[in-house]
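Residue numbers (this note's numbering), protein chains in the order written: chain A, 1 to 75; chain B, 1 to 210; chain C, 1 to 136.
Since the hints were made in silico from the structure, they are not lab data.
Every value quoted in this text rests on a predicted model; they were computed, and no experiment measured them.
Among the hints, erroneous ones may be present.
A few chain C residues that face chain B, going by a derived Cβ cut-off under 10 angstroms, partial list only [to be verified]:
id, residue
1, Leu-16
2, Ala-49
3, Phe-82
4, Cys-92
In silico DSS-like pairs for lysine-lysine, Cα to Cα no more than 30 angstroms straight-line [claimed, not checked]:
id, chain 1, residue 1, chain 2, residue 2
5, B, Lys-79, A, Lys-57
6, A, Lys-71, A, Lys-57
7, A, Lys-71, B, Lys-79
Which stretches of chain C does chain B cover? Using the computed rule of at least three CB atoms under 8 angstroms from a CB of chain B, they are [to be verified]:
id, stretch
8, 24 to 32
9, 41 to 48
10, 69 to 81
11, 93 to 101
12, 108 to 121
Even for Gly, the Cβ is constructed at its ideal location relative to N, Cα and C.
As a plain string of letters, each chain reads:
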Amino acid sequence: MSADGPKKMPSQPCPHSTSCPLYPQFTMASFLRYWRTSYCDADYTRCARFRLSQEGKPVPVNLLPSGNLMKLSPK
Amino acid sequence: MNLEVLNGRWPFWLGAVALAVTAVGYAATLGRLLGVSGIYERLVHARAELATEREERAFLDRVALEEALRRETLAEMEKQGVQVPPEEMAAPVSTAVAGPAIAPRVPLWGQLVFLVMMFVGGALAKALAGGLTFQSQPDPAHAHLFGRAAPLALLFGGVLVGFGTRMAGGCTSGHGLSGCGRLQPGSLLATACFFGSGVALSMVLARVLA
Amino acid sequence: MSARVIGANAVFGLLLGFSLSHIGFGDFGEVHRMFTFADLRLVLTFGGAVALCAAGFALVTRRWRFVPRPAQAASAVGGVVFGLGWALSGACPGIVLVQLGEGRLMAGLTLGGIISGTWLFGLAQRRFGIGAVESC
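Isolated chain A (complex conformation) (with noise of 0.2 angstroms):
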């Protein structure tokens, strides 16, 4: 156990990534790889989709890890 910081991370990635339907789109090729190294492959309990999910509640597909909802582009 460290001293140091507040919060201890979680060890393994998020256990959603398996079944998640935005897992898939963030590749590791691709800056899309953002979302993985801030949320699903490191603190997933800050995930908007895990905590939603946690509560048992639906969770969208467009609910992105930040808690943002994407909106589709103006035509």
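Given the coordinates of chain A, work out where chains B and C should sit on it, guided by the hints.
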């Protein structure tokens, strides 16, 4: 017409085949595991479920999803002060990464149809096996055990079923058939537990009440 | 909402209800005999179905990615509670609908109980954070 098939007491192998065909066929066709208790969960929170379906409908198109994701990710990274390497801006994003697809959410109306058809299936079976009749008293075996407390046993038992299946995240179809069929540890555990406690309580009830 | 999705739900719902009724899962006496091992027919039906499902899933559903179900305390505790309820009522969330279809009016009480229990669990989950971890 083979009346043996319609007599309401199928031999074990026929029942086993029918249940397995249903569970596997459902999953293979719809990409979702068969699980009835989950449908109750969704129906109890129908408003939230329907709102979510509406919210995400436009994003079921993969092109729309990818496009929005790229745009929103860039905005988020800029907000967080993270640099984007220019050569990665145009890198292809492909969910056709080797492997199975994740199925979209099954529409709530579809699942309601499923429940209604289970009811119809029971009615059809009864009609073919001996005709449709209404039975306003508890089953004889149930009344034999519980007597005047039979309605209470049904109600309270139902509450335990509803609560327990949601806590475990599945029921006889979700954990018992689909989950165990896929050898999922959580399902094997849940199935062993619900079968075990069912056996234990039934044996106690048979000893004490019969 | 495609006709295929509705149609598939209709067909499989009908098949499940029809099968459960004919196997005898709607009858409390049959279920009680299953649980007390007085009659092994339902035990063998269920066990056989699980075995066939294992074979079926291994062969057939490679196209899709399904939610994993890790073992956790909620699986066990929830399972125990569910089993107690099944022994008391003779029903599970699917079977209760079959019972109603068969004309067993008392199953309406069971259904009311199941819906209440489902709702109660939602409250408990929001309040205490219990429950098996589902996926997003």
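For each hint given before, does the structure comply? Return the numbers of the non-compliant ones in rising order. none
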